[in-house]
Each structure stands twice: as C-alpha cells, then as structure tokens.
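Participant: Quick note, the sequences are listed as chains L and E, same order.
Per numbering that gives the first Met the number 0, the first sequence runs over residues 0 to 351.
Per numbering that gives the first Met the number 0, the second sequence runs over residues 0 to 327.
Wrong hints could be hidden among the right ones.
Beyond 12 Å from chain L on every Cβ pair, some chain E residues (computed) [unchecked claim]: (1) K1; (2) R5; (3) R93; (4) E107; (5) P116; (6) I140; (7) G242; (8) A260; (9) A301.
Facing chain E, according to a computed beta carbon distance under 10 Å, are these residues of chain L, among others [as the list claims (entries may be wrong)]: (10) L194; (11) T259; (12) A267; (13) K289; (14) H302; (15) L303; (16) R305; (17) I308.
Reference listing, derived: stretches of chain E covered by chain L, where coverage requires no fewer than 3 residues with Cβ under 8 Å from a Cβ of chain L [said to hold, decoys possible]: (18) 37 to 49; (19) 58 to 69; (20) 76 to 88; (21) 184 to 198.
Bear in mind the hints are in silico, worked out from the structure with no lab data behind them.
Using N, Cα and C, we set each Cβ at its ideal position, and we do this for glycine too.
Letter by letter, the chains look like this.
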Amino acid sequence: MDISLLRQLAEARGVSGNEAEVRDLLARVVRPKVDGLRADTMGNLIAYKKATSDHKMVVMLASHMDEVGLMVVGADSSGYLRFQPVGGIDPRVLPAKRVLVGKDRLPGVIGVKPVHLTSPSERQNVLKVEDLYIDIGAKNKDEALTAAPLGEFVSFDTPFTCLQGCTGNGMAPRGRVSAKALDDRAGCFVLASLLDMALPCDLYAVFTVQEEIGMRGARTAAYTINPTVAFALEGTVCDDAPREEDLSPTTRMSAGPAITVADASFIADRRLVTLLTDAGDACGIPYQLKQPNIGGTDSGAIHLQREGIPSAAVGVPCRYIHSPESVMDLSDLDNTIRLMQAALTRLPETWA
Amino acid sequence: MKDTLRKLAEAFGPSGREERVRDIIRQEIEGLVDEVQVDAMGNLLAVKRAPGKRVLITAHMDEIGIIVTHVDTNGYLRFSSIGGLSPITLIGSRVRFADGTVGTINVEKLDDPTKVPDMAKMYIDVGTLDGQAGPIRVGDIGCMDRSLVEQAGVFVAKALDDRAGCAAVIEALRRLQKLRNEAWFVFTTQEEVGLRGATTASYRVDPQVAIAVDVTLTGDTPKAPPMAVSLGKGAAIKVRDGGMLAHPGLKDLIVRRAQEAGIPHQLEVLERGTTDACAMQLTRAGVPAGAISVPCRYVHTASEMVSSADLDAVSSLIVAVLENEIEL
Numbered sequence: 000m001d002i003s004l005l006r007q008l009a010e011a012r013g014v015s016g017n018e019a020e021v022r023d024l025l026a027r028v029v030r031p032k033v034d035g036l037r038a039d040t041m042g043n044l045i046a047y048k049k050a051t052s053d054h055k056m057v058v059m060l061a062s063h064m065d066e067v068g069l070m071v072v073g074a075d076s077s078g079y080l081r082f083q084p085v086g087g088i089d090p091r092v093l094p095a096k097r098v099l100v101g102k103d104r105l106p107g108v109i110g111v112k113p114v115h116l117t118s119p120s121e122r123q124n125v126l127k128v129e130d131l132y133i134d135i136g137a138k139n140k141d142e143a144l145t146a147a148p149l150g151e152f153v154s155f156d157t158p159f160t161c162l163q164g165c166t167g168n169g170m171a172p173r174g175r176v177s178a179k180a181l182d183d184r185a186g187c188f189v190l191a192s193l194l195d196m197a198l199p200c201d202l203y204a205v206f207t208v209q210e211e212i213g214m215r216g217a218r219t220a221a222y223t224i225n226p227t228v229a230f231a232l233e234g235t236v237c238d239d240a241p242r243e244e245d246l247s248p249t250t251r252m253s254a255g256p257a258i259t260v261a262d263a264s265f266i267a268d269r270r271l272v273t274l275l276t277d278a279g280d281a282c283g284i285p286y287q288l289k290q291p292n293i294g295g296t297d298s299g300a301i302h303l304q305r306e307g308i309p310s311a312a313v314g315v316p317c318r319y320i321h322s323p324e325s326v327m328d329l330s331d332l333d334n335t336i337r338l339m340q341a342a343l344t345r346l347p348e349t350w351a
Numbered sequence: 000m001k002d003t004l005r006k007l008a009e010a011f012g013p014s015g016r017e018e019r020v021r022d023i024i025r026q027e028i029e030g031l032v033d034e035v036q037v038d039a040m041g042n043l044l045a046v047k048r049a050p051g052k053r054v055l056i057t058a059h060m061d062e063i064g065i066i067v068t069h070v071d072t073n074g075y076l077r078f079s080s081i082g083g084l085s086p087i088t089l090i091g092s093r094v095r096f097a098d099g100t101v102g103t104i105n106v107e108k109l110d111d112p113t114k115v116p117d118m119a120k121m122y123i124d125v126g127t128l129d130g131q132a133g134p135i136r137v138g139d140i141g142c143m144d145r146s147l148v149e150q151a152g153v154f155v156a157k158a159l160d161d162r163a164g165c166a167a168v169i170e171a172l173r174r175l176q177k178l179r180n181e182a183w184f185v186f187t188t189q190e191e192v193g194l195r196g197a198t199t200a201s202y203r204v205d206p207q208v209a210i211a212v213d214v215t216l217t218g219d220t221p222k223a224p225p226m227a228v229s230l231g232k233g234a235a236i237k238v239r240d241g242g243m244l245a246h247p248g249l250k251d252l253i254v255r256r257a258q259e260a261g262i263p264h265q266l267e268v269l270e271r272g273t274t275d276a277c278a279m280q281l282t283r284a285g286v287p288a289g290a291i292s293v294p295c296r297y298v299h300t301a302s303e304m305v306s307s308a309d310l311d312a313v314s315s316l317i318v319a320v321l322e323n324e325i326e327l
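Bound conformation, chain L alone (with noise of 0.2 Å):
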C-alpha cells in the first residue's frame, strides 16, 4: 500500500466546486494504469480500463474528489473574512482550527474569543456560522478581500498523521492514521489502487465532483457512461466511540469495510449486496453492514439516471467525518480493495 498516495490525497485540497487540485493528482496517477482518461463538462475525471475477458459487462466505480470546506463571503472594517459552508458541517468543530484560504493557500485561524472573555452562559452556547470569522492577519477589509476576494474556498489545514503503531507499506498494512477529507479521500485512494489489477469487466473509474453538495457529479456522469452496474465506495461514519446503551453504531473500525443495505439516497440492489458478501465469506474478508437509512451517496443520483442501474456502496469507517480531522484504519482501507477486486472479480459469472 502506498501510504505516501494517501498522504497525497488528503493533503490536498478540493472543496465542492474546486476539486482541480485533487483532480490534477488523480489524473497524474491514474493515467498510466488506465486505456483512457478524460474530464467532463462538470470536471468529473472519468478514467476506462479494459476487460481481461470478453465479458459485455460495464462496471462504474465513483469515489467523489471534492471535501466539505467553507466559502468566503465578505470581510468586516477590521480585515476579518466572514464564511459559509460548503456541504454539511456541524459549527461546533469550527473555533480555533487552521485553514487555507484561496488559491494562494493563504494560512487562516478561524477566531474564538478567550476564556478570560467569555461568560459561563456564554461557553454554554454553540457559536452560530453567522458569529465566527477567520482571520488571515489582513489589518482592513481591503486588505482582506484584495488577499481573499468573495467566493474563494477555504479548506482545513490539517497534515496527515500516522498513529501509533501504524505501518502503511508492505504487504499487510495496520495502525491508524488520521486526516482531513477521507470523506471521500480513502474511496479515492480504494479506487486508484483497483485500477492497478487486472479485471474481468469493463471499468469506468469516476473520481466524481460536488457530491457534498447534492452528489450532482456522479448524477451527469453516470448518465453519459450508463453502464451495467455501479459501486460508490466511500470513506463513511464510523460512530463507535463508547456508549452506554446496547445500540449499534453506523460502523465500526477495523471491523472491514460497510456495506450499505440502504441509506437515505437509496435501496441497495440485492444481487450486489449479496455478490459482495459472498465474496467477503468466500474469500475470509471481514464486512460489516452500515447501519440503514444513515446519509447517502453518488449512489443515490447513479441509480436513478436513465432506465435506472443497479447499484451498491461500500465503505471505509471512518470516524469524524465531515471535521478538520478524521481517523482510519488502514486495514480497512486495505480490506476494502480486496473486497472489491474479489467482488469484481466474480461479477461478471454471477450476474449473467
């Protein structure tokens, strides 16, 4: 496993609408795996490999480039830039985190008052988007918005980090490591590595945009390539932090990759769901379920375009998700690209 790819991937920065940075990279490694490479009107990359075999199948894979992030939306007389969010984010993850603001990657801290300063009632409250700013060192509002005009994207500083105990190269990868953007950075990387193995189906590789925001890449693309059958794989929830009440989590970590029977974009196929367990059982690779009916994926816009194309989603748990700072388990990841080469493998067989 190629930790420093991983590495690569997260650290760069591609919130919705802006996913050229990520996008660039992908294109650079992919290109020389693949029998074409190409972007589209919406800046999906979409890379095809062939067949091994002669099997008629298409295949799409989406994993979706872009990250949560935030947008600049004007700046106030004392230099402080003013934002909304670009996707879902919980505004209590937000005071006192590093950023990178516009394509200059100017360095920013998002503002917090001191403790010194702030009533017990007031530390009680969860500061609205509306009240929170970050400051870039810009002394006026021109200098600000000279330095970051209105609309630049601002993403989390955050460096990729190996835990303790973590060992990504060789054969057998393990520990944890954390991150910003393995929401949907893992799936990029799941993807990426598939493309280096030989296959019995046709493959498009979709590294799909602005999924954060209403999965609206993967809806264009798979209409184009309407293929057979799609998988979304996706870095998802994991929630299993320790709970007093017999209840289950989305997922848990280093139990293998989730797979989805349903969430809230869509109803699993049958036939794919069941192809991917037969071939986590068959092969002693470890799968979870995701819990049902929690978030969604491009798989809830791919499944629905055209005549309608049966489609499934697998996923890396990953916790704290859609934060400056997530944590994974790179036997998950791992596990997740050998259940999918497994699982494709057998695809075309089972579904004739």
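With chain L's structure known, arrange chain E on it following the hints.
Facilitator: Structure of chain E alone, referenced to chain L:
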C-alpha cells in the same frame, strides 16, 4: 377484483422488496397484454399495443415498512422506517419479515407516557429467548402484518397504498375492449422512498401522456384536516398535490371522460405528499401527467380503508381514458 386485492394487500412488499407483489401481478395479467418486461429497478412493465398515443399508467407495488438497524444481545430488534411511518401508529402492531417471522412492536419505559415516543425508543420482539441468535439480521426489511377485511362495501387492510391502485389497474386491463392508445401498464418500485422506480421506468417508456393510479387522503373523518375528498364518492381526479400540478388539459380530459361515461368522480387537491406522476412529468423533455386516485382513509397505517365502489370507478375511468382518443 376482491380476490386480487386480497392477494396483493396481504403480500409482503416494502420498498426494495417488491418481488412477491410483482410475481402476483405477473400471474394476474398473464394473457391480458402483449409483452411483459422487468427493468433494472425491478419495475414490471406490461404493454398492450394499439395505434394512438403512448400512454403510461402506473401503480406502485411497494408499501411502507421497517428496516432493522440493530439486534441487541437479548434479540430485540431496533428499527427505522422505510417510507413515511408515523410512530403513533406502531405500538402493539405486528410486523412480518420476508422469511415469515412475525414480531410485535413495543416501547421502552417512558419518562413521559403522555407524549408519543420516537421510533428510537421502540423495538420489535420476535420472541427470541435470552442469549439465542434469532433469524433476523441488521438490514432485514419487514412489513405490517394484517389480513384484509371486507365489510359494508369497504376493504380494510395494510398496503392498500398502493395495492388498491394495482388492483384497479389490473381490473381495468381485464375490462379493456377497444383500446385506442398504446398502453404501458407499469407497476413501479420504491415510490414510498422517493418515486424512484417511476423515475427510471418513465425514462424507458418515454410516454406522450402519463397517469399515476395511487391512493389519496380523505377529509371525511372526525376533525380531519380540510380536504374535499370522501370515501365512496368516486374516483378522485388529481388537480395538484404536494409535489406536482396535474397537466390541466389532461385533468380536464379525465373529468370529461368520467362525465361522458357517468362514472362517479371528485376532484383532488392534496396538501401533502405526492405520487409517481410527479417524477413522470419531469422525465426527459417533460410529459403531460396526471393521476386518478383511490380515496383512502388512514393511509400509511396497518389498517387503511378504501371503498369497493370507488375502486370500481377508478377502473372504469382508466378504461374510459384508454378507449378514447387523448387530445390535449
């Protein structure tokens, strides 16, 4: 129609698991149509060819249900809804899973028993004794468990939304004699979770006119929200609902056909909710779409109620539309 309706209403078929309903319908319409197809989303498409407009008539096969989200160490099942399920209707209800397992829904001890609890406080008990592994897994889907009752001209059953519509369309197919249009009867999937089957089926059929046959609410129960639709007063012709405005020309044409044929009818303005026609009218370059509805009390509960005379009127009206020219 009664036997067909009973079979359909009692069948297991929450969104995503419509296969048994599909099998029943396939048998019921055998020999009545020229061709039958099943598409990628599981929709059943049945075409009866004739010169004239290509008309899409849909009724959805799926019903609301529950999906298991967690099995605890004592075998109790936590669940979430498939489609719009109201917690107030659930306690004491029975659910049935695909393998025939039946469970009863109950609720944790409540801090405030005067308030309707969230679904998160409820669980399904399938009778698993402590420590034993039960038959049901996370992701398994269940429907309400209720048999159909007929009395005093009404039917009471689960899933009349929209097996009543399915039965009315099948009955119309039986009655059709001189078809003047190319009719595509499509029994759709996943309506209750977002009109999903109709979205793709409509793309495939590429119709010139589309009509959904579904249930609608009524305003004739004690202190019901105002709505000018009553049980027993005939087929409801949709003017608008929460998701769509019916094509006015098509709506007028359906009204005209009802008047000509002396079919009891009423106009439907539904404040909340929508139906497959909402997705169908936005397909491709746009499709004139409307709906003929079966008035139904207690929609999305285990005891929905429709009138047998209304069902008859809906079937007659579908026939009257298809046996005449459709000029909008």
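Participant: Is the Cβ of E/R93 more than 12 Å away from each Cβ in chain L?
Facilitator: At about 20 Å from chain L, E/R93 clears the 12 Å cut-off, so the statement holds.
Participant: Quick check on the hint: L/R305 CB to chain E CB, less than 10 Å?
Facilitator: Since the shortest Cβ distance to chain E is 6 Å, the answer is holds.
Participant: Do three or more residues from the stretch 37 to 49 of chain E put their C-beta atoms closer than 8 Å to C-beta atoms of chain L?
Facilitator: As far as the stretch 37 to 49 of chain E goes, the hint holds, because 4 residues have Cβ atoms under 8 Å from chain L.
Participant: With d taken as the least Cβ-Cβ distance between E/P116 and chain L, does d exceed 12 Å?
Facilitator: holds (15 Å)
Participant: Was the hint right that L/H302 lines chain E, CB cutoff 10 Å?
Facilitator: This interface hint holds because 7 Å falls under the 10 Å limit.
Participant: Okay, the stretch 76 to 88 of chain E and chain L, do three or more residues pass the C-beta test at under 8 Å?
Facilitator: Satisfied; 4 residues make the cut.
Participant: Under 10 Å is the threshold here; is the Cβ of L/K289 close enough to any Cβ of chain E for the hint to stand?
Facilitator: holds (8 Å)
Participant: E/G242: least C-beta distance to chain L exceeds 12 Å?
Facilitator: Nearest chain L Cβ is 16 Å from E/G242, so the label holds.
Participant: According to the definition I'm using, a residue is off the interface if its beta carbon is farther than 12 Å from all beta carbons of the partner; does E/K1 meet that for chain L?
Facilitator: holds (31 Å)
Participant: Are all C-beta atoms of chain L more than 12 Å from that of E/E107?
Facilitator: Violated, since 10 Å does not exceed 12 Å.
Participant: Restraint: L/T259 near chain E, CB-CB cut 10 Å. Satisfied or not?
Facilitator: Result: holds, 9 Å to nearest chain E Cβ.
Participant: Does L/L194 meet its interface restraint, that is, does its C-beta lie within less than 10 Å of any C-beta in chain E?
Facilitator: violated (25 Å)
Figure legend: structure checked against the earlier numbered hints; hints not met, in rising order: 4, 6, 10.
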